[in-house]
Amino acid sequence: MQTQGGLVLAAALSVCALQTRLALWEAVLAVAAALLASRRPGWRTPVLLSATWLTAFLELGLGSSDTIGYLDPLLSLAALPTTMAVGIGTGMLMLVLALIVGGLHWIQTRPYAWVARQPFLALLLFEISLAGLANQTFMPALARLVLWSFIFSLMPYIWYLPAAITDLRAKGGDPIVTQVGTLRPFWSPAHVPFGKGAAFLRKHLARNPRELAITQLKALKLLLWANILIATRSGLTVIFEEYFRIPSVAGAMDAALNGQANFILLGWFALVLSTTKFSLQIAIWAHLFVGIARLAGYRLPRGCWRPLESRTLIEYFNRFHYYFKELLVDLFFLPTFMRAFRSRPRIRVFFATFMAAGVGNAVWHFMRDLNLVAELGFQSALKSFSSYAFYCLVLAIGISISQVRANAGYRPGNSLYARLFSFCSVWGFVVCLHAFSDGSRDHTLLERLSFIARLFGVSV
Amino acid sequence: MKSTLKDQVTTFLKETLARHGDLGEVQDNESLFLSGRLDSLSMLNLIMFLENNFSMNFAEIDFEVDLVDSIDSIICLIDR
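Going down the list, the protein sequences come from chains A and B. Counting from 1, position 71 in the first sequence corresponds to residue 71 in the numbering used here; the numbering is continuous, with no gaps. Counting from 1, position 33 in the second sequence corresponds to residue 1033 in the numbering used here; the numbering is continuous, with no gaps.
None of these hints come from the bench; they were simulated from the model. For clarity, every value in this text was computed on a predicted model and none was experimentally measured. Any given hint could be a false lead.
Calculated pairs, DSSO-like style, for lysine-lysine (alpha carbon to alpha carbon, straight line, at most 30 angstroms) [unchecked claim]:
1. A:K203 - B:K1014
2. A:K218 - B:K1006
3. A:K218 - A:K203
One-sided and incomplete, this derived list gives chain B residues near chain A with beta-carbon spacing under 10 angstroms [said to hold, decoys possible]:
4. D1007
5. E1025
6. L1034
7. S1040
8. M1048
9. E1051
10. F1054
11. N1057
12. I1061
13. C1076
Ideal Cβ positions, reconstructed from N, Cα and C, are used throughout, including at glycine.
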């Protein structure tokens, strides 16, 4: 890895591995930036900053950003050409960048202001207030369009900025330029911060050439593993969906609700297949994102680590989507745990876990899909979210009970029977609950409840 | 007094590590949570241990994992 030949080989392998999921320009940009940052420590910050924001602006310019898709229906409503989406989106992203830089400077001079001490709450309230205003029908269509495009552009950053602000206030924290370079970093332009933020990245940076070489070899291994998972996922689609005609979860629900023959078998197959494909998807993205970050020299923990080996629900929560769990822990669990029910340990742990796995999970998903409020209106968007809210509630109760039990010293046995029992309990729960969390919003909560009941032979 | 504090914290951490099957030595400045040697559940137990035994109130602290990441940092936090 440290020789020229090794570097070229690593770059070529990485681009090939990434290109199965990313556009060629994105794969080349990510690998070039990662390797440059790792080879030239003095250039790390400028490379991070330029690659991160170049990716964001190129995504918009080339039309592959989510913002473009969110703006298209609003432009049609305002009787404006959809070609304007790129221009509006780019302008709004520039405004967001300027506001972020200005805001971080302001916080540096006023580190004890309420916004600096409660950054997440402040950002969430700000975003919700803007959405409330943009949803008012008395607003002119153009004003609503401008407000929504600002909301969509700012949205992902509300999950990154709290960590940046906390680090900026801390003794020995990174400067603003580094903080801005790690907001939706070039390796993971997502709503979940893979790598958390500048502070976490600083602590996980390879300290010497040996550590860097090991980290980069692990990166290649992870990228190749992601491609094996991509092939597995495609194989499952071809075999089960195209050859055996296993329907989607929504299709299986229709079959069950219409009393179609064999709906129980079809329903279970559909649920297991959909859960498997969803789990593979999470693992694939996590491995690709962490793989690129490791190429850049960050010794990041994996984003999805052997979830099938989870013995309890809390272990599943920790292993399945590590950085999402970390986000919920930082923004919901810890603030609750530090303040609520301090004299009652069991309720304290239960409530804090519930706030993270339930409330935090629901808030994150509702905010991610805020475009539905713009398209359908607040009430319809909330109604279409009821099934996912139910999913969060049941998942949170399960995980909270598991956390309290773990805290009380409960550990599953190590016998083969105990392992099998753990596997069936954890994944049985996850599969059943998937009926309420699958992507489609075509079925109501009652229909989903009826579907699950029918799969267990209970006709409701 | 300080060595008693440190002994109590070290004993608690060694017991926690042992429950995770980690019987290795712990250096005073060694990272425990950021390095992945202990998980978030152990951190909750540590916070409750510090609150119960040293009358600390974490609601009044701008919490960062660094504050409890090593024996040295925990002692500094208790002394604060």
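Taking the hints in turn, this is what the structure says about them:
no.	hint	in the structure
1	A:K203 - B:K1014	holds, 24 angstroms
2	A:K218 - B:K1006	violated, 37 angstroms
3	A:K218 - A:K203	holds, 18 angstroms
4	D1007	violated, 23 angstroms
5	E1025	violated, 21 angstroms
6	L1034	holds, 5 angstroms
7	S1040	holds, 6 angstroms
8	M1048	holds, 6 angstroms
9	E1051	holds, 7 angstroms
10	F1054	violated, 14 angstroms
11	N1057	holds, 8 angstroms
12	I1061	holds, 8 angstroms
13	C1076	violated, 12 angstroms
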